[in-house]
Structure formats: C-alpha cells, structure tokens
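Enquirer: The listed protein sequences derive, respectively, from chains Z and E.
First residue of the first sequence? That's 1 in my numbering, and the numbers climb one at a time after it.
First residue of the second sequence? That's 805 in my numbering, and the numbers climb one at a time after it.
These are computed hints drawn from the structure, not numbers from a lab.
Please note that the accuracy of each hint is not assured.
As the list claims (entries may be wrong) - Quick list of in silico lysine to any residue cross-link-like pairs, SDA-like style, CA-CA up to 25 Å:
#  : chain 1 : residue 1 : chain 2 : residue 2
1  : E       : 1403      : Z       : 579
2  : E       : 1462      : Z       : 580
3  : Z       : 658       : E       : 1304
4  : E       : 1403      : Z       : 575
5  : Z       : 429       : E       : 1430
6  : E       : 1403      : Z       : 495
7  : E       : 1388      : Z       : 579
8  : E       : 1403      : Z       : 421
9  : E       : 1233      : Z       : 606
10 : Z       : 599       : E       : 1380
11 : Z       : 649       : Z       : 577
12 : Z       : 792       : Z       : 744
13 : E       : 1462      : Z       : 499
14 : Z       : 584       : E       : 1309
15 : Z       : 658       : E       : 1306
16 : E       : 1388      : Z       : 500
17 : E       : 1403      : Z       : 580
18 : Z       : 599       : E       : 1231
19 : E       : 1388      : Z       : 792
20 : E       : 1233      : Z       : 612
21 : Z       : 429       : E       : 1415
22 : Z       : 599       : E       : 1338
Claimed, not checked - Using C-beta positions, here's what the derived DEER-type ranges look like:
#  : chain 1 : residue 1 : chain 2 : residue 2 : range
23 : E       : 888       : Z       : 475       : 49 to 59 Å
24 : E       : 888       : Z       : 232       : 28 to 38 Å
25 : E       : 1143      : Z       : 505       : 50 to 60 Å
26 : E       : 1413      : Z       : 551       : 40 to 50 Å
27 : Z       : 611       : E       : 1041      : 30 to 40 Å
28 : Z       : 500       : E       : 1409      : 19 to 29 Å
29 : Z       : 541       : E       : 1409      : 23 to 33 Å
All residues carry an ideal CB built from backbone N, CA and C; glycine is no exception.
If you want the building blocks of each chain, they are given just below.
Number of protein chains: 2
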Amino acid sequence: MNVISNTQTMTVSPTVPFHHTFPLDAWRICEPGYDVNTNYLSESLFALGNGTIGLRGTHEESYLGPEGSSQEGNYLNGFYESEPITYPENAYGLARNNHFMLNLPNGKGMELWLADEKFNLANGRIINYQRQLDFRTGILSRTVQWESPQGRQVEVVSERLVSFTDRHLYAIRYRVTAINFSASLRLVSTLNANVSNLQTADDPRVGSKITAPPLQVLAQQNKPDFLGFEHKTLHSQFHVVSSIAHTTNDWVADELVGGDDEQDQHQTQVLARHFIADIEQGHSVTLCKFGCYFSSRDYPAKELMLLSADYLSRARQQGFDHFAERQREYLQAFWQQADVEIAGDLALQQGIHFNQFHLLQSVGRDGQTNIAAKGLSGEGYEGHYFWDTEIYILPFFLYSKPEIARTLLDYRYLGLQQARQRAREMGHKQGALYPWRTIGGEECSAYFPAGSAQYHINADIAYAVKQYLEARDDQEFLLNCAAEMVWETARIWLDLGHFSGTTPEVFRINEVTGPDEYTALVNNNYYTNAMAKLHMLFALTLVEKLRRDHNEDYRRIIDKIMLTEAEISAWKSAAHSMLLPYDKALQIHAQDDSFLTKKIWDFANTPDEQYPLLLHFHPLVIYRHQVCKQADLLLAMLLLPDQFTLEEKRRNFDYYEKITTHDSSLSSCIFSIIAAEIGDHEKAYRYFMETARLDLDDTHHNTKHGIHTAAMAGTWMCISYGFGGMRIINGQLHFSPTLPRQWQHYQFQININHATLNIRIDSEATEYRLTAGSELKFFHRQQIVTLNQQEKNHRILNRITDYE
Amino acid sequence: MNVISNTQTMTVSPTVPFHHTFPLDAWRICEPGYDVNTNYLSESLFALGNGTIGLRGTHEESYLGPEGSSQEGNYLNGFYESEPITYPENAYGLARNNHFMLNLPNGKGMELWLADEKFNLANGRIINYQRQLDFRTGILSRTVQWESPQGRQVEVVSERLVSFTDRHLYAIRYRVTAINFSASLRLVSTLNANVSNLQTADDPRVGSKITAPPLQVLAQQNKPDFLGFEHKTLHSQFHVVSSIAHTTNDWVADELVGGDDEQDQHQTQVLARHFIADIEQGHSVTLCKFGCYFSSRDYPAKELMLLSADYLSRARQQGFDHFAERQREYLQAFWQQADVEIAGDLALQQGIHFNQFHLLQSVGRDGQTNIAAKGLSGEGYEGHYFWDTEIYILPFFLYSKPEIARTLLDYRYLGLQQARQRAREMGHKQGALYPWRTIGGEECSAYFPAGSAQYHINADIAYAVKQYLEARDDQEFLLNCAAEMVWETARIWLDLGHFSGTTPEVFRINEVTGPDEYTALVNNNYYTNAMAKLHMLFALTLVEKLRRDHNEDYRRIIDKIMLTEAEISAWKSAAHSMLLPYDKALQIHAQDDSFLTKKIWDFANTPDEQYPLLLHFHPLVIYRHQVCKQADLLLAMLLLPDQFTLEEKRRNFDYYEKITTHDSSLSSCIFSIIAAEIGDHEKAYRYFMETARLDLDDTHHNTKHGIHTAAMAGTWMCISYGFGGMRIINGQLHFSPTLPRQWQHYQFQININHATLNIRIDSEATEYRLTAGSELKFFHRQQIVTLNQQEKNHRILNRITDYE
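Using the sequences plus the hints, can you model the full thing?
Expert: As structure tokens, then:
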C-alpha cells in the first residue's frame, strides 16, 4: 500500500489538548511539567527568535527522550543550502534548485555533572519543573528542582534570550544551586556542529528529502574566551561562523580538559569548554553564555571569525542583564504599538499575544530576508517564504511596525531581477514573475500545479505594495522600488491572459491555480482574475501619478524596463474586460470557470481520520470534486470588499463554507472575518477561536515542525478586519465594529500615515483615540470621524443590531 | 538557465537525411558505409528481436567511436528492475515504483586479432563495407573488407539472427578471410556483464535517471562448451541466466588463456573464450556462436543455468543454417499473411515492410509480456507498455496474426488484480484502473497530469477487447477474460464521473487528460467521454449476451466481482446522458469543455528549433494554449466513425489540423486516415509519408533511443483504415478504398473470423479475393459483397471521384 503515513505525528502529539495543561495567562506561556509526549511540540512553542536568529526551544542538556520526539534546531534567516531538484519525469522550465533553511551548529548545549552524576531530565526525579516564555521580557526561563539517583538535590535555573536589539546575539544564564549536598560540580558548555536537517519525504508540508552533506568545516577556534566554527555550504557557497563565549565569577575553567578533549568522540564536530566549581550546600553558582552567528550573506566571508570574536567580547563586557534590560525595553515599545487586548477571554488573549510575539520573533527586517511559513521555529516547508507574507502577515506589521513592512517589500524588490529571469523561463518575453516559494529568490516549487501555477503571487505582491503606499506616504519607496516592481509584474498578465476576440471583449486567464490548493490548473480563477484586474488598474494609477508628479522618475523607469504605451493601454483594456465568473442560477460567484460543474465532495462519508484530505487522497480525486482546502473566493471578498454586495457575500459564504475543509491553516481566519462582515457573529467567533490558538492547541497536529506565521497574523486580521470591520476602500479607512458577546471589551491599534489610532469596543460604544500623530480621518460605518490635536477622542454608541 | 538541452541529439544525428544514403529496396535496409555520425541511429534500425529477446544493432567488435554515439543494448521482454520513485514534493497515491527494461549481459562480442593487430572499424582503412537487414531471411549481415595499419587485408562477414522459432536463442556466424596475408589469428568471443542502462534524466521521452546497481552476480560457469552468468536484480528479485556457446571446425580453442584471463581487467564481469587459427592467404575460417537468455519470469530460478546449457547444446548440434532456414520459413509465412504491397513508391514500400518487420520483432506473445513503445530496440520510455498497444498496434496483429492479438489482451487480463489495487489507491471503491505505463503491471507514471490522469486507458483496453471479439469468435476469451475485464474497468466511470442533477440529466467526467498531452487535467475530454460511453454500452452488451447465452458464466463472474443491477443500470444512464462537447458557433466538436476558450498558440512566431514544444516550453505555457501534440478528437473520429457526419469530420479536421504540432509520433497516422476519409488525398498521402518512414528517416530525431512501434503500426492503419477505408461499424466490415495518385496499385490483407481477404486497389478497380476461409461478407461503400468458395474474387470498378 502506497500510503503516506501520518502515524508518527499522531503518536507523539499530546493526548490531552495543550490548552488544558498550559495555564491561561495573558502574557506568558507556561509549561508546568516535563513530558516527552509534548516535548517536540514545546520546542516549537518555546522557540526564540529575533528575525535573524531562531533557536528551537530544546533544553540545554542532551535530550534523552524517544527517537522522533525532539528536533534540535538553530537557524539563521535567509541562510540556506541549495540542492538540485531531481524529477522522476522531467519537463522544461521546472524549478531546478531547492533552497532549505539550514540547521546550524547548536551553541545552547550545557552538560552539568554533580560529582559523578550527570544532570538529566530523563533520569532521577523531577521535584519541581516550570518553564515559561514571557512576552514582555522576551526571556525563556526554566526552573527545575531535581534529585539525582544518588539523592543529590539540585536546582537549575536557566534563562535564555535571543536579542531583539543585537540581532546576531543569543545569551543564556545558567544558575545551579546545591539544595542538600556539597560537591564538586562540572559544567561543560558546548558548540555542537554535529547537526542535520529533519529527514522526511512523505508529508509534503514538511519538505523534501535532503541528501547533501550540508556544512563543511573550514576553520575552528578554541580559545579560553572564544570558541568558534567556520563552515561553508556545498552548493550555495555561503560561509557562517557560529561561536560562543562565557562569563562567570563562580566557575573556574578546567584548562586540563579544555581544547580537544571531547573532539575524538564527536569527530571534531564539538567545541567544548569545561568549568568546575566546588559548591557548598545551599549555595549557587552561575555561568553566562553568549553565542552569535555571522554569515557571508551579511559580511565578507574572511571577516566573519574576527567579527564574531569582537562581538562576543563586547557582549561579555555588557553582560546578561544588559541584554535582558534592552530586551524588555524593546518589547515594551512593541506592545505599546501593537497590543491587542481582549477582556473576558483569557485563552484568546493568551493566543493573540503568543501569536504577535512569535510574529515579531520570526520576521526578517533587513530587506534581504523575509518571514517563513514556519518562522524560525522549525523546518516545516523548508523555511520557505510564500505569499503568506504579503496577504496574511504584512497587514499586522504595516499597521503595528510599518518599518518592518517596508523591509518585507524591499526583499521582493531585491528579487526583481530573479523574477525577470523566471518570467523568461516561463516563456514570458517581458515582465517579472515572482517565485511561489523560495528563500534566495529562485523558484523552489517542485510541484508546479500547486506552485508555479499560482500566478496570483504577482498580484499579491502588488496588492501589498498598494496597501503599503495607502498607509504610508513613502515617496522614496514609490520611486525607487514600487513603480518598477508593480509594472514589471503587471506585464505578465498581458501574456498570461488573452482577449477572447468576441463582442463584448472578454479577458481570460487560463491554466492557473488560485489560493485553494484542492483545485488546480483551472481557467479564470475568480481570485486570480480579480486580483490581476486590481493589479493592472493599480499599475495604471502609478503610471498616471508618476507622469503627473514625478515625470523624470517616470521616464527613467519606463526607459529602464522598456515599457510601452501599448502595454499601458492594454492594461486598461484587460482590466476592464476581465472575466469574473458568476453563476446566475446559484447567484454566487464561481471559484473558476468549471468549479461549480464538479461533483460535491462526499463529506458525509469521509471519516475524521481522512483529514487532511491531502494525506489520504490522490490529487486527481481532490481536484475533480468541489472541495476547498482554504478560502479562495472568500479571500477575494476580503481583499476587494467593494466588488461584492453584502447579499452576494452572504450567499458566497454560505456556499463555500459547506465545501471547505480548512485543511490549510490559512483558511479559518478569512472565514472569521467574512462571517463577522455578514453578521454571523457565532461563526466569526468560532473561526477566530480556531485561528487564535491554532499552534497553542496544535489543532493541525504539525506545530512540532514549526509555528504557523500566516495563521498567527490572521488572528490579528480577525480582530481588526473581522470584529473591527476595518477596510481601506478607495484609500479611505473604514471601521464597522462588532463585539462578540463572549467578551467585555477589546481594543487594538492602527499605525497609519504616521498617526496611531486606538480602537476600543465595549458593549456600549466604540471609542477612537488618536495616541500619536496630528490628525486622522476615517469612517465609522457611513459616518466620517476626524481626530486631531483638538479632539483626540471620539466615542460612538453602538447600534443594537451589531451585538445581537 | 534551466534549459533541457537537445544539443546532443542534434550533433550525433545525421546531417544528410538517412533515406538519401540508404538505398531503396522493398525487402531490406542496407547501410553502404560505416559512419560514426549515424552509428547510434543504425543500432536501433538494425536491431534484431523476436518478441522475447532484443539485441541492438551494435557491432560485434568493441565500439571505439565518440562518447554518446553508441548504446550497447540486449534486452529480454518483461524482464525489468523496479526502483522506488522519489518525488521532490510528495502526494498521496502517486506511483511508488518505476519499472525499467534492464540492459542484460552482451553475448555478441567478438574481438579479432590479425597477429598483433586488432581488427576495428575505427582504425585502419575500410575498403568495403556493407550491412543489411533482410526482412525475408530475418538475418542481419555485415561484410567488411579492411586493411590494417600494417597493410593486412581481411574480409569479415558476420551474420546474426534472433530466432523467431526458438524464442530464447540468438546466433552469430563470423567468417574471416585473409585477403593478402598469412598469419596466426586470434578470435576472442565474450559474454560481457559490464553493462548499464542509458543514463539521462533530461528528456522525458527517454526516461528517468536510474541510480541502483541493476544486476548482482550470483553464479558463473566457464566451461569449454558453455559460458554463463546468473544474475539477480536487486528490487524486482528476478533471476536471469545469460550464456553463450560455440561451434567451429576452423578454430582451435586456446585453453591457455581460457577461463579467467580477461577477468582481472573487467573485474570478473566478462567471460571469454579464446580461439586461434593459422590462416593462409585466400583462405577463410568460420566460428558460430549461440547465445540465450532464460529468466525466472518464465522458469524456476534454480533451473535456469541447466536449461541454458541444454538449450545451447541442442543449438550447437542443430547449427546456424538450421535456424537460418527456420527463420526464413517463419518469415515466409508471416509475409504471406501480412504483406502490404505498394507499387510505384519504393521508399514507402521499404518503409512499410521495415515497420511490419520491426513490429513482429518487438511484440511479446506469451501472454505475460506486451509490446513496448520502443519495442526491444532501445531504452526510450524505459521499455514501458502504454495504450499504444491497444489503440495503435493491436489492429495490425489482430488482422495479420490474430493469435498474437489474443496474447496482448491476455497480458491485460493477467494485470487485472493489480488494476483493482490501483483503483483502490486512486480512491475508487470498486472496479479496476489500468496503469498508464508499466512493465510488470504496476502504475509507473511519475507525472500524473500526463500519466495516471489519462483514464481513457480503461476504455482503450475495452475497445481493443471489443475489436478483438468482433474479428474473432473466441468464446473462451469472452467467458474467461473479456467480460470480467470489461465490467471491472467500466465500473470506474461511474465513480470518476457524475450526473449533473439537471434536466436533462448530463453525465460529466472531470479532471482527466485525453490523448493529447499538450492539454492536461480537463473536464469532459471528448475522446474520454465518448470512449467511456462506448465502453459502458459494450459492458451492457456483454451483460445481455452472457445473461442470454451463458447464464452460468454470467452468474459466476458477477458473483466474483459483486457487480450489482444498480451498477448495470447506471452504465445505461451514464452512457445515454454522456456529455460530448460541441461548439455551436464553430460547428465543431470541442476537445474538452474549455479547450476552445484558450488562446491559440502563436505558430507564426515559433521557430522550427523550438519543436518539439515540450523541450522548449514549461507545461503551463503549453497547457494554456490551443495547441495539440497529437490527434485527440480526430482519434475519436477514427475509433467511433459513426458518431460524426462527414461534414463534421471535415470541419473538425480543418480546425484541429491547424493547431496540431505532431510532436508525438502517434499523430500523423491518424491525420492521414481522417484526411483519406474526408477526401483530402494529398494530405492523406503526406501524413502517411511522415509516418511510414518516421524511423528510417529519423524525423523525430530520437530513433537512436529505439524505434516507434505505435507509429509503425499506424502505417498499417493508414493503408487499411486510411486508403482502404476499412471500418467495423455495428459489427460489419466496410471498405471505401481510394488510390493515391502517386501509386500504380497497392494491396493488403485482412484475417477476420478465420478467413483471409486480400484487397488490391489499382487505378481501375478494387479487387477482393478470399484467400483462406469459407465465406466472408462485407461492404464496399454501400454495396454488400459476399465471397465464398463459389465466388472467391470480386472486382469493382472505381468511381472517378475517388481518385482525383
């Protein structure tokens, strides 16, 4: 039987849903006990990151649990190995190389010996255990009281941070207290290059089988105050230096076993520093460890080792508390900008804070990196960046930390030349086509029907650019990046689609895949066509704007890309005659030309264990039925809100909801938002619940491979776009808030055009407060509201119908 | 640039088209000189086979030409290695294992030494060279006069046959004549296991990259009169014994260097026998070599070596002339049954004889093997069997050697259980789904959009069964195989398709690929739907027939497969309400629901070097255009002739001809037949030309990887169905002959219902002759003709309009 087995997932996933064992807390997640059954999952939930570095929440000490219940992981955003893709049956133009986020040497390791006994959670007796990740301090801390087999009781407190303010740095403070004994202690701190990426070929959501030896050792340094490896990747030819250093007043370095001691055993893949301390009962000893990663993606290869040594030297001088304090300050500012408050539901409050915190941890912000589907918390989807960034994640950053939104778009501009090259490979003589999935900018999709066929990626990026420019007056971006990027990507539609030649003229786009991956290679996918239309109209708007206001820049750009008047005029015709499928009999919009002619999936005879369908049915079976993995037409209704009447939205929602499995984590948030819009508050709330704690409750059974960044950001959209009813229509900001009956109140914030607006909804009224900036105009339903220095607050009583 | 390069093909293909260098001859192909540029191609053209064994036309002596200009190949039909297919992005239900025809140890090798000089075509001077393959003797013979660098002139005559009458046997007679010298000669005859399959991953028409070590040595025997290897395959676990033996009166075995002499050099992968002879000027010495292959696909593994030794012992006694004589007799009988004569065009006459001969060489006839897309002449398509058998090749055998047609269908019946298993993997709870491509019966298609999605394979097989039963009253086959196979395969349509639920009811089949591989994953492909309709109606006919005439068998079969009355009745409804797309505006049948809405390919701006399109454009580019690789709707017009009016056929032909590239070798023959039917005699002739000499002229530039069996059989259909206008309509045989103006006359033969009919058409009349059997009725146009023992001949004068 050729069955993709999901068994492993099932055996190591928790038997009790996690939200029953995690105490509810607005600002922390807290693990009250040590459990090998939830260990793999916890490694993702307790992962730390700062957009550059990501460390999975593995313990410092060697893990001795069952095989398949842990995956060590230390990542550097944008640092990838590349490997040729081998197709069992080849075709022209298929993606040639895969990129995958590499697992780097692990610098977190600590081995503690109490005399001749090794401290390990899998042996002895755990008297007390608590691990917590605090969203306001940004510190992962673990307190363990443990009794050794010989009866020695010890308390180990470890604190760990990945610095938001020093992007190459992570730090660990490790304190040992002898509770009931006096003895000689030994602490071995390691930098372990004996790591490998997750090997799994069956579940397409994890990734391909990686066969190449990923890292080659080039150099190593083993000095008293600095241990470092320099490695190089085989194919992508990147260099990386991984290094650690220590400070302590309590421990003495054991120079006798320093150096090469452990290296025989590990084939020189482990650098280690040994420390010893004689401890009296009741006393404590502390060690601080600092680690950093520097790669040739950022700096010249030959400087990496020196840079690392200097960096850690400075870190040692500044000390753990310094970085902990700066971490706290950074997060204080972040929550001030971004905090979403939900009063009356601690589980959801915890969920949304958790999600916001992980988004902040995951997002690249240097213009060369982006945010992966699984952030920096695991190897699911191989660390690839998708359209998730533009359509699901960008809004959160745009309205909370707009400078990060800009860097995400800079990343796309950086990839424009590769997108041009890809367009040529795909037969387009002009324009640029962005990759469906990538790290380094090259198309990495190895299954084109659900990959390269998703041409909507181009429109998604243009949509994000439009959204960004509507929220921020960023002329530099407009003139140096946006116009060129929007025009180059818009050109693709003219070659991809075609005019029917009939009267009236119709513009068709054949053979694409829309967002719904349970339907592939269709004609006139509504989402794609509607987004392409918007894209071309936006391209025209930019043409007009630049011609009028920045004619010199306009000339420069169109000369560079050789854009012709004929193309510009074709955008107009194509947009105006775009085919947007509608079924008159059902009075709904059709997902594509043929979708509604297909057989409806037999949900009644599909048992729970056959979900997700992709793990139990051949693609042909799925494709030939009316069944959706995720929001597709409904996503168009969110992004293009003014193109549907409320009645159409209701009918579409009712139709597509019945046939959607939500097997994609991108689905529930969109359903929640549309449910809120059409007034189905119960469903809006239920879908929101599914999204808000998707990772905390591991509802998709694969959070162990990494958290779901798009769903996390979807949570934020559920609040702002869903319950808050926020939309930008014709450049105007609109709200239409409702309050779920389960909550007392909620509030969220929008940073737009250099102003910050706080929106608070309770059972009586909606209150708008201008907390920064000089003026802001927006609509509350049909009513215009202006806030400025004179009137910073505005309170509008609720209509009864909104809160039934 | 990710470009599949076709460069290699171009550099080693002949600069002068081959038909200019091959003399025209009705019964032979003759190579007048030795040319490394055409060597690779000639190896396919001069390949020998008997349906069991296939030997590429490599020379006996080591080949010393440039790399990439030769591929040694020795094959055993149905003997394959299996290898897991690795997908870069996995999905449920994809084919799990590939099968590929293995390259077996080469027993043809001969190394000749004239004193210290080695005879080799790449050195010295070729005084005279001629190689020919004779279709009436079945012997490949080569005569070379050669002068060594030191001036020794020698004539080497080698004759080779693969016995049609002794299916495990091949034989070589090797005669050496000293023209201008006397010396001691040495002849080393080898059995070389140092072979490997063709390695190429880029061109999908060749195959996948094979990575496993294919053959493991289990045993070897090295006796004076018998040399043999026993090998085993790693995955498929088949055993094969390859062996050789010799007879000679002229040579003396050199026992001093017998045995293990050469084995160090070749790592014991070569068994060799050394012979020496002192030769006087003007004298000749001859050696006969016999070789055989026996595998565990046919016999118990432990008996293979002994069987081989006995077999070769007998062969040595009988001698080369014995087998040559039997070969000639066999072919005499074959040509008597099968010969197609074309008077007035020697090139075509040669082409069609060449094709018929290669079909006979390629076809498996033991019920366990079939006929590969490239026969046994090369490794293109990895030796896989496709629908080519049923739709293109079966008619030739059915009407020429019907006992072979039966064995081809037996092969499918043998695979019925695997087809049931495959149906389960594809989500069908009932029925059987045949693999798109396979050797051993398991689905081997690694790219499902142009593989497993071609559900029409089921209908193709049912069609072949129907055709077979119409031409032969084979009750045993009907009751033991046909009914069960037709019913099990017909069940798939009910689950694959669905009723629309509208009034009137329409039966739709979504998400399949039709014959045209430049269009994939479409809804209501005309060919598929029409063939499925015919399939279900045929299943009903068989239900009715068995109920009425063989009720006991009927009960037995429906009990075995648990066929219900509801299913039988659903076949009727589905067939009667089958959707068959038609475009009212264009007044043509649509290839599928959306085909005609696509953009027409820009042929005007596609230079010649961008064909075949599949090597120069991404599948998405091809799929979204109106462009056909091959006949699709037109094939339906051939197979279901009564479902179209002549006017419809004309309009369809005109429309689809303009957008068909014929990048598939399956295309031109169908276009020729339909062109003949609609009266376009020029096009009928031109398309026939393209098909008839497709391999001889290497028009697809890949005959080096093997001859194209479907196109070869298509040639025969062009004569019978095309120019002869033969059709079976409602069980009645029809002819409607025309004569291309380029010919004086042509004739062909049909074996049907134990009668043989010779049809001869010249410029005045068509003459029908009953050459075997007691009676035959058929139609000449609308006129019924009855031939019997009283009136064996019937001559009908031509209408003037048929030969304009």
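Enquirer: Now look at each hint and say whether the structure bears it out.
Expert: So, going through the hints one by one against the coordinates:
For the proposed pair residue 1403(E) and residue 579(Z), the alpha carbon gap of about 14 Å is at most 25 Å, so the pair holds. For the suggested pair residue 1462(E) and residue 580(Z), the alpha carbons sit about 30 Å apart, so the restraint of at most 25 Å is broken. Note on residue 658(Z) and residue 1304(E): the hinted pairing holds, with a Cα-Cα distance of about 19 Å set against a maximum of 25 Å. Simply put, residue 1403(E) and residue 575(Z) have alpha-carbon atoms about 17 Å apart, close enough for the 25 Å limit, and the pair holds.
The suggested pairing of residue 429(Z) with residue 1430(E) holds, with an alpha-carbon distance near 19 Å, which does not exceed 25 Å. Restraint check: the Cα-Cα separation between residue 1403(E) and residue 495(Z) comes to about 10 Å, which is no more than 25 Å; the hinted pair holds. Only pairs whose Cα atoms come within 25 Å are accepted, and residue 1388(E) paired with residue 579(Z) is accepted, the gap being roughly 21 Å. Simply put, residue 1403(E) and residue 421(Z) have alpha-carbon atoms about 24 Å apart, close enough for the 25 Å limit, and the pair holds.
With a CA separation close to 13 Å, the supplied pair residue 1233(E) and residue 606(Z) stays within the 25 Å bound. Of the pairs offered as hints, the one joining residue 599(Z) and residue 1380(E) holds, with about 19 Å between alpha carbons and a cut-off of 25 Å not exceeded. Proximity of residue 649(Z) to residue 577(Z) is assessed by CA-CA distance (about 22 Å); at most 25 Å being required, the pair is judged to hold. For a cut-off of 25 Å, the pair hint linking residue 792(Z) to residue 744(Z) stands: about 24 Å separates their Cα positions.
As the CA atoms of residue 1462(E) and residue 499(Z) are separated by approximately 20 Å, the hinted pair is consistent with the 25 Å bound. Distance check on the hinted pair: residue 584(Z) and residue 1309(E) sit about 19 Å apart at the alpha-carbon level, within 25 Å; holds. For a cut-off of 25 Å, the pair hint linking residue 658(Z) to residue 1306(E) stands: about 20 Å separates their Cα positions. With a CA separation close to 16 Å, the supplied pair residue 1388(E) and residue 500(Z) stays within the 25 Å bound.
A C-alpha spacing of about 18 Å is found between residue 1403(E) and residue 580(Z), which places the hinted pair at or below 25 Å, so the restraint holds. Among the hinted pairs, residue 599(Z) with residue 1231(E) is consistent with the structure: their alpha-carbon atoms are about 15 Å apart, no more than 25 Å. At most 25 Å may separate the alpha-carbon atoms for a hinted pair to count; residue 1388(E) and residue 792(Z) exceed this at roughly 66 Å. Only pairs whose Cα atoms come within 25 Å are accepted, and residue 1233(E) paired with residue 612(Z) is accepted, the gap being roughly 19 Å.
The suggested pairing of residue 429(Z) with residue 1415(E) holds, with an alpha-carbon distance near 18 Å, which does not exceed 25 Å. Only pairs whose Cα atoms come within 25 Å are accepted, and residue 599(Z) paired with residue 1338(E) is accepted, the gap being roughly 22 Å. The beta-carbon spacing between residue 888(E) and residue 475(Z), approximately 57 Å, falls within the hinted interval of 49 to 59 Å. For the pair residue 888(E) and residue 232(Z), the beta carbons lie near 32 Å from each other, so the given range of 28 to 38 Å is met.
Take residue 1143(E) and residue 505(Z): their Cβ atoms lie about 59 Å apart, and the range 50 to 60 Å holds. The beta-carbon spacing between residue 1413(E) and residue 551(Z), approximately 43 Å, falls within the hinted interval of 40 to 50 Å. For the pair residue 611(Z) and residue 1041(E), the supplied restraint of 30 to 40 Å holds, since their beta-carbon distance comes to about 37 Å. With their beta carbons about 20 Å apart, residue 500(Z) and residue 1409(E) fall inside the hinted range of 19 to 29 Å.
At about 32 Å, the beta-carbon gap between residue 541(Z) and residue 1409(E) stays in the expected band of 23 to 33 Å.
When the structure is compared with the earlier hints, violations turn up for hints 2, 19 and for no others.
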